[in-house]
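Guided by the hints, dock chain Z onto chain Y, whose structure is given.
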Amino acid sequence: MSTVTATAAPTKLWGGGKSPFNVEYGKLMMWYFLMSDAFTFGAFLISYGTIRFSSNGWPNPNEIFKSFPFAPEGVHAPLVFVSVMTFILIISSVTMVLAVHAGKQMDKNAVVKNLILTIIGGIAFLSCQAWEWNHLHSEGAWWGANPFLNADGTQSSTNFTNYFFTITGFHGFHVFSGVVINIIMLIMTLLDKFEKRGHYLMIEKAGLYWHFVDLVWVFVFTCFYLI
Amino acid sequence: MSHTAEASHHDDGSAVKEIWKVTLILSVLTIIELILGFWMMGINSEALRLAIKGSIVILMIAKAFYIVGYFMHLKHELKNLIMTIVVPLALFIWFITAFLYEGNSYKNLRNRYDPYKKAQTEIKVHKSEEVK
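Which chain is which? The protein sequence lines are Y and Z, in order. When the letters of the first sequence are read in order and numbered with this note's numbering, they come out as residues 1 to 227. When the letters of the second sequence are read in order and numbered with this note's numbering, they come out as residues 228 to 359.
Since the hints were made in silico from the structure, they are not lab data. Heads up, some of the hints might be wrong.
Said to hold, decoys possible - Below are the DSBU-like pairs computed for lysine-lysine, each with C-alpha atoms no more than 30 Å apart in a straight line: (1) 248(Z) x 27(Y); (2) 193(Y) x 351(Z); (3) 302(Z) x 27(Y); (4) 66(Y) x 351(Z); (5) 306(Z) x 18(Y); (6) 244(Z) x 27(Y); (7) 302(Z) x 334(Z); (8) 248(Z) x 108(Y); (9) 108(Y) x 302(Z); (10) 113(Y) x 351(Z); (11) 248(Z) x 104(Y); (12) 306(Z) x 12(Y); (13) 351(Z) x 27(Y); (14) 113(Y) x 66(Y); (15) 12(Y) x 302(Z); (16) 18(Y) x 302(Z); (17) 302(Z) x 104(Y).
Stated by the list, open to error - FRET-style restraints, in silico, Cβ to Cβ: (18) 346(Z) x 173(Y): 20 to 28 Å; (19) 72(Y) x 321(Z): 44 to 52 Å; (20) 108(Y) x 310(Z): 34 to 42 Å; (21) 159(Y) x 254(Z): 28 to 36 Å; (22) 269(Z) x 157(Y): 22 to 30 Å; (23) 113(Y) x 262(Z): 42 to 50 Å; (24) 332(Z) x 15(Y): 22 to 30 Å; (25) 14(Y) x 268(Z): 25 to 33 Å; (26) 346(Z) x 180(Y): 44 to 52 Å; (27) 145(Y) x 241(Z): 16 to 24 Å; (28) 277(Z) x 144(Y): 27 to 35 Å; (29) 268(Z) x 145(Y): 22 to 30 Å.
Said to hold, decoys possible - Which stretches of chain Z does chain Y cover? Using the computed rule of at least three CB atoms under 8 Å from a CB of chain Y, they are: (30) 287-293; (31) 334-346.
Each residue gets a CB set at the ideal place from its N, CA and C atoms; glycine is no exception.
Chain Y extracted, bound-state conformation (with noise of 0.2 Å):
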């Protein structure tokens, strides 16, 4: 079969009688949102992009994301909280990618394992955030308030913030959800649901979803913190 898939398959492939994709319909499903809010989040990036090159000056990432919890009051610590918050996020990833590898295997034990790491993970960056959010609150930042100055020491608009707090509010809403999704995922294969079935697509649709998340913050991350 897989000598004639390989040889004729272009043609045979939309010839009926099977998935022209090779992938099951949720997938594909998953893929097609997925690529939907990837447009969401180009519109916001992008439309921060255009306010930002509109605008005569701009404040300095490393001025504002430079405190660390539990650090001394006034603490000079550039990029390094966010550094952490990024690890975590590639780190949930991995696990998730060998939950699913777990998954192909039918190893329920691995499966389960690695989906509890990602969860933490995914608390662990939630947790971040809100300590971040918090603390730039403190400072008097918030929607429609912007306590900062531009780089060059003008006045600041509150464009900044706002773009601030509603990107990385609206990527901290994908975490939170997939979050629930993957515990939703870790109670069904802990009820053999998956087992049942026999296969553990389920899992793999959640991973895409979990990916995706980390994918946005590497741009977040970017956009907001590095450049």
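Positioned in the frame of chain Y, the structure of chain Z alone reads:
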């Protein structure tokens, strides 16, 4: 279905090895990004800063490629499926170019034809009156 199960049994060890390889690549790329970020803090030359920002964006796209290609497994899907996802995303090239150009153009036009607004954005704020 049976085909995919067969394939995953076949390259079990190499699949896990690939996951760790990609993890390493992503970590290294992130660390390079951070080094560039730290380096940029001490640089005042606007041209050099722009060049560093450009390199960071290239690294960001490389990271996105590895996440989508390997973690999300898109590289191992059928080519037709890849195309239905990647081709629409190509719209972003126009999207980003057009909107950033537009933003920049708006800034230049406003600075030229609205000198009052330009002067307003050039007033330095003293640290003491920062609290509002």
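For each hint, the structure was consulted:
no., hint, result
1, 248(Z) x 27(Y), "holds, 25 Å"
2, 193(Y) x 351(Z), "violated, 64 Å"
3, 302(Z) x 27(Y), "holds, 15 Å"
4, 66(Y) x 351(Z), "holds, 23 Å"
5, 306(Z) x 18(Y), "holds, 16 Å"
6, 244(Z) x 27(Y), "holds, 24 Å"
7, 302(Z) x 334(Z), "violated, 41 Å"
8, 248(Z) x 108(Y), "holds, 24 Å"
9, 108(Y) x 302(Z), "holds, 26 Å"
10, 113(Y) x 351(Z), "violated, 55 Å"
11, 248(Z) x 104(Y), "holds, 20 Å"
12, 306(Z) x 12(Y), "holds, 15 Å"
13, 351(Z) x 27(Y), "violated, 54 Å"
14, 113(Y) x 66(Y), "violated, 35 Å"
15, 12(Y) x 302(Z), "holds, 22 Å"
16, 18(Y) x 302(Z), "holds, 21 Å"
17, 302(Z) x 104(Y), "holds, 17 Å"
18, 346(Z) x 173(Y): 20 to 28 Å, "violated, 40 Å"
19, 72(Y) x 321(Z): 44 to 52 Å, "holds, 48 Å"
20, 108(Y) x 310(Z): 34 to 42 Å, "holds, 36 Å"
21, 159(Y) x 254(Z): 28 to 36 Å, "holds, 33 Å"
22, 269(Z) x 157(Y): 22 to 30 Å, "holds, 27 Å"
23, 113(Y) x 262(Z): 42 to 50 Å, "violated, 34 Å"
24, 332(Z) x 15(Y): 22 to 30 Å, "violated, 52 Å"
25, 14(Y) x 268(Z): 25 to 33 Å, "violated, 55 Å"
26, 346(Z) x 180(Y): 44 to 52 Å, "holds, 51 Å"
27, 145(Y) x 241(Z): 16 to 24 Å, "violated, 53 Å"
28, 277(Z) x 144(Y): 27 to 35 Å, "holds, 31 Å"
29, 268(Z) x 145(Y): 22 to 30 Å, "holds, 26 Å"
30, 287-293, "holds (count 3)"
31, 334-346, "holds (count 4)"
Checked against the numbered hints given earlier, this structure breaks hints 2, 7, 10, 13, 14, 18, 23, 24, 25, 27; the rest are met.
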